[in-house]
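A.B. asks: Build out the structure end to end from the sequences listed, making use of the hints.
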Amino acid sequence: MNQDNVPQDKENLNEGKLAKLYYATDENGHYVKVNSVGWEPETVAMQQAWEIVDKDVEEARKKVMQGKASPVLYFMKKNIMTVPMLARYIGTIGLRVRLHMLPFFFARLSRKTKEKYAFTFRITVEELIDQERLKQHHEN
Amino acid sequence: MKIDFIHKQSAHCESGVISNLLRFHGLKFDEPMIFGIGSGLFFTYLPFVRLNGIPVASYRVWPGHIFKRFAKRIGIKIERQKFSTPQAAMLELDRMLEKGQPVGMLTSVFYLDYLPAAYRFHFNAHNIIVFGKENGRYLVSDPVMEQATDISAENLTRARFAKGIPEPSGRMYYPKNVPDNFDLEKAIWAGIRQTSDDMTRIPVPLVGTKGMHYLSTRLRKWPERLGNRKAILWLGNLIRMQEEIGTGGAGFRFIYAAFLDQASAALKNEDLFAASRKLTKSGDQLRDFAYYAGRVCKDRKSDTKSFAELADMLDQCAQEERRIFSELYALSKSK
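Chains as they are written, first to last, in the working numbering: chain A, 1 to 140; chain B, 1 to 335.
Be careful, since some hints might not be right.
As the list claims (entries may be wrong) - Just the calculated beta-carbon pair ranges, DEER-fashion: (1) A/D56 / B/D113: 18 to 26 angstroms; (2) B/K2 / A/E59: 45 to 53 angstroms; (3) B/K301 / A/R111: 50 to 58 angstroms; (4) B/L267 / A/R98: 57 to 65 angstroms; (5) A/R98 / B/E327: 47 to 55 angstroms; (6) A/D56 / B/E270: 52 to 60 angstroms; (7) B/A117 / A/G91: 25 to 33 angstroms; (8) B/Y114 / A/P84: 25 to 33 angstroms; (9) A/R133 / B/E309: 44 to 52 angstroms; (10) B/R300 / A/E126: 36 to 44 angstroms.
Quick caveat, the hints were computed from the structure, so don't treat them as lab data. These numbers come from a predicted model, not from an experiment. The C-beta atom is built at its ideal place from N, Cα and C for all residues, glycine as well.
C.D. replies: Given below as structure tokens:
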């Protein structure tokens, strides 16, 4: 890629924080370093990956609102975690995390376990159990 | 405390961290040189290993290997540590900083809040250097960033003890001994030999240029096999693996071509520059591949024709790279 062809697409997801380094060639074919603010195909692929995350989060939120799942499911999706990963954070096995995603078992969790979940999700226990807040999450 | 440390931006985190750490210890290596001597370039497609339901495709060697190979070939002794508790890990970090030693470490991108939000997935093998502590915040040299930056102690602790695959477990490292003299020529040829061998001669269809060919045959069938939504998703993932943060463009092909260019200058070998030019060309084709794949993703229509065209483009790259690395192998063997 010639250094003049290094893409500088203004529409990107970098929030102005990042201009990545590219290796590109000068007119003699020797390499130089060039910064790039963004490239459309990459932005499209990233947006697509985030759309899936957002869809999962919204589905989880609805399930929690309908009483079909506990907030653990919602916050797991919001933090882009998987069950095995979350189980490692909590220090237990996947099956128990799956059970904690059911309202019946979640309601019976000890304060200590709830604190572990809250710590992992970087929220307070109150935020973890507060369903009203979940409704607002959507409105925001 | 703040250590007198020069941060320079690089494309890939692993080679960038090595470059920055070695500069502190008085060895000058540009990033492509490290990437090449550490044999960073590779290709694997593993249809049976899935991350979030999408098969793994990688354009480089496993995390950590560049460092290992480079250190061995130049003769650098690396001190590595891992920890069982965050407290011990942070205490040891503070102790090293007190001694004036910048430290490289493994982190999870998810907790590095100085990066744009869009990049912060759970990728647990990102390398950064911490070189100081001011007002309770750690000073960070993240090789993909233009400038040095900082991070709160809490986020750094979380990043160092992220869970999932792999788990950093607070791993940190720094050069213990750097050699006064080393055989650069031998190291360069050893790096080239391993990469060209990996790319063309491993008798497994899933790796090297054979892996690229194999992926092209699979890619052709994605629309029928997976349906519209999934085919687009898998294609988008492939673009991300090839072009997202840390590749320097075209799935590390441009960094490697830059290495061949620098090696040709260092060894006064015109053949290496010729190989660099060819790799640049085939890297351009990979960029075209990503460009058209991006268009397909944007239109959200996975017709068999466009996937067949994409597969042809990828297969062409595979054949081209096969020629380039076969030549490089013959060249490195004759040295």
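A.B. asks: Does each hint fit the structure? Answer for all of them.
C.D. replies: Results for each hint:
1. For the pair A/D56 and B/D113, the supplied restraint of 18 to 26 angstroms holds, since their beta-carbon distance comes to about 22 angstroms.
2. Restraint check, B/K2 to A/E59: a C-beta distance of roughly 47 angstroms satisfies the suggested window 45 to 53 angstroms.
3. At roughly 52 angstroms, the beta-carbon separation of B/K301 and A/R111 lies within the given 50 to 58 angstroms, and the hint holds.
4. The hinted range of 57 to 65 angstroms is satisfied by B/L267 and A/R98, whose Cβ atoms lie roughly 58 angstroms apart.
5. Range check, A/R98 to B/E327: Cβ separation about 54 angstroms, and the 47 to 55 angstroms hint holds.
6. Range check, A/D56 to B/E270: Cβ separation about 54 angstroms, and the 52 to 60 angstroms hint holds.
7. Distance hint check for B/A117 and A/G91: the Cβ-Cβ separation is about 28 angstroms, which falls inside the suggested range of 25 to 33 angstroms.
8. At about 28 angstroms, the beta-carbon gap between B/Y114 and A/P84 stays in the expected band of 25 to 33 angstroms.
9. Between A/R133 and B/E309 the C-beta distance comes to about 49 angstroms, which sits within the given range of 44 to 52 angstroms.
10. Here the CB-CB span from B/R300 to A/E126 is close to 41 angstroms, well matched to the stated 36 to 44 angstroms.
Taken one by one, the earlier hints all hold for this structure without exception.
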